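Engineer: Residue-level listing of the chains:
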Amino acid sequence: MKTAVINIKTDSKLKLEAQKTASEMGLTLTVVINRYLKNFVESKTISFGTSSENEKSPYGIFSGVEISEREINAVKKSWQKGLLS
Amino acid sequence: MQSKSLGKRGYCLDTHSLVWYFTGSKTLSARALAILEEVFLRKAIGVIPSIVLLEALHVSYKHKGFVFPKFLDSLRLPNILIYPLDKEVLSEGFTLPEVLDIHDRVVVATTLVSDTKLVTKDEIITGSGVVDTVW
Chain A
0 MKTAVINIKT DSKLKLEAQK TASEMGLTLT VVINRYLKNF VESKTISFGT SSENEKSPYG
60 IFSGVEISER EINAVKKSWQ KGLLS
Chain B
0 MQSKSLGKRG YCLDTHSLVW YFTGSKTLSA RALAILEEVF LRKAIGVIPS IVLLEALHVS
60 YKHKGFVFPK FLDSLRLPNI LIYPLDKEVL SEGFTLPEVL DIHDRVVVAT TLVSDTKLVT
120 KDEIITGSGV VDTVW
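Note that the protein sequences, when read in sequence, are chains A and B.
Sequential numbering of the first sequence, starting at 0, is according to numbering that gives the first Met the number 0.
Sequential numbering of the second sequence, starting at 0, is according to numbering that gives the first Met the number 0.
Okay, chain B solo, but in the shape it has when bound:
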């Protein structure tokens, strides 16, 4: 059975980094863009917390140009893992600082359990110092 730990060789992707990558937004930092290109060109492992997919779905309700099925289809790569909100993630989530909201808690817990770096701009997450972040 494969270990869930990716030994910090992979990247956990937060909602805004993925959304801005797909929309080609200039708000995405050069470093985040380079990492996402690595992931989508199959040169690095990408981990996507399940809640990120749900957030992207809700974003797509408001922006019809963000076509959710097409987005999902683009994630069907062997190096991209959709990480479930399983017992391990939940347990990790229970130990995190109160400052993190429910969504951030799932994202941070997933990053910790998968032992990856989190691609995020979120200042609360970055400021919490709980996970390695890149932007």
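Chain A extracted, bound-state conformation:
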């Protein structure tokens, strides 16, 4: 990957807070900014929604779909059959 450098001006306090938050999540500010940039390019939208809007859990978004452990294991087995035969 060819990299480029972006210089932006921001509030120094905001920068420190963002770095601290990213660090608490085990991330660097570079990772966070790159993720935002990718999201912007892919979605062509800028999200300034409230945190409750942005933090909606996808739990049960496919509710009604029953997938058993056996079926998930069958996926593994079918793959391995293909790989090992």
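Just so you know, these hints were derived from the structure itself, not from any lab.
Some clues are possibly wrong.
Stated by the list, open to error - List time: in silico SDA-like cross-link candidates among lysine to any residue, alpha-carbon distance up to 25 angstroms:
| hint | chain 1 | residue 1 | chain 2 | residue 2 |
| --- | --- | --- | --- | --- |
| 1 | B | Lys69 | A | Val31 |
| 2 | B | Lys63 | A | Ser62 |
| 3 | A | Lys55 | B | Glu37 |
| 4 | A | Lys37 | B | Arg41 |
| 5 | B | Lys61 | B | Gly128 |
| 6 | A | Lys76 | B | Arg41 |
| 7 | B | Lys86 | A | Ser62 |
| 8 | B | Lys69 | A | Lys19 |
| 9 | B | Lys120 | A | Arg69 |
| 10 | A | Lys55 | B | Gly128 |
| 11 | A | Lys37 | B | His62 |
| 12 | B | Lys63 | A | Ser77 |
| 13 | B | Lys25 | A | Glu68 |
| 14 | A | Lys76 | B | Asp85 |
| 15 | A | Lys76 | B | Leu71 |
| 16 | A | Lys1 | A | Ser11 |
| 17 | A | Lys75 | B | Arg41 |
| 18 | A | Lys55 | B | Pro68 |
| 19 | A | Lys75 | B | Gly128 |
| 20 | B | Lys120 | A | Glu65 |
| 21 | A | Lys75 | B | Ser49 |
| 22 | A | Lys75 | B | Lys86 |
| 23 | B | Lys25 | A | Glu16 |
Bear in mind the structure is a predicted one, so any value in this text is a computation, not a measurement.
Chain B: place on chain A using the hints.
Structural biologist: The following block gives chain B in isolation, referenced to the frame of chain A:
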């Protein structure tokens, strides 16, 4: 450059835990549900081995209600890392016990390399004692 190690602050997610979270299945344990909620509400780091995505894709072929693009879209969070099957994971995978199948080997190796806890119900993985698991 950021270290790949997450210092056991994060969770590696196995296929069934993710699939059951998205389908709202009661088979998901209360503890696993709480962890996945933490991850999807951006309060914890989630690591997803690349092979888990491929397994989920194959599950979606059989269950049309499991919409793979929507599933993928939900994973686009800054605290969720899709972990590649890179040289480090491969090397780790070569050292693991024979009892682990190819898929489990990638999942366990990814858990070890990312230094996370694995959210899994898989008894073979749990029984191997190679990684910290939660369920």
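Engineer: Check each numbered hint from earlier against the structure, then list the numbers of those it violates in ascending order.
Structural biologist: 5, 6, 7, 8, 10, 11, 16, 17 and 23
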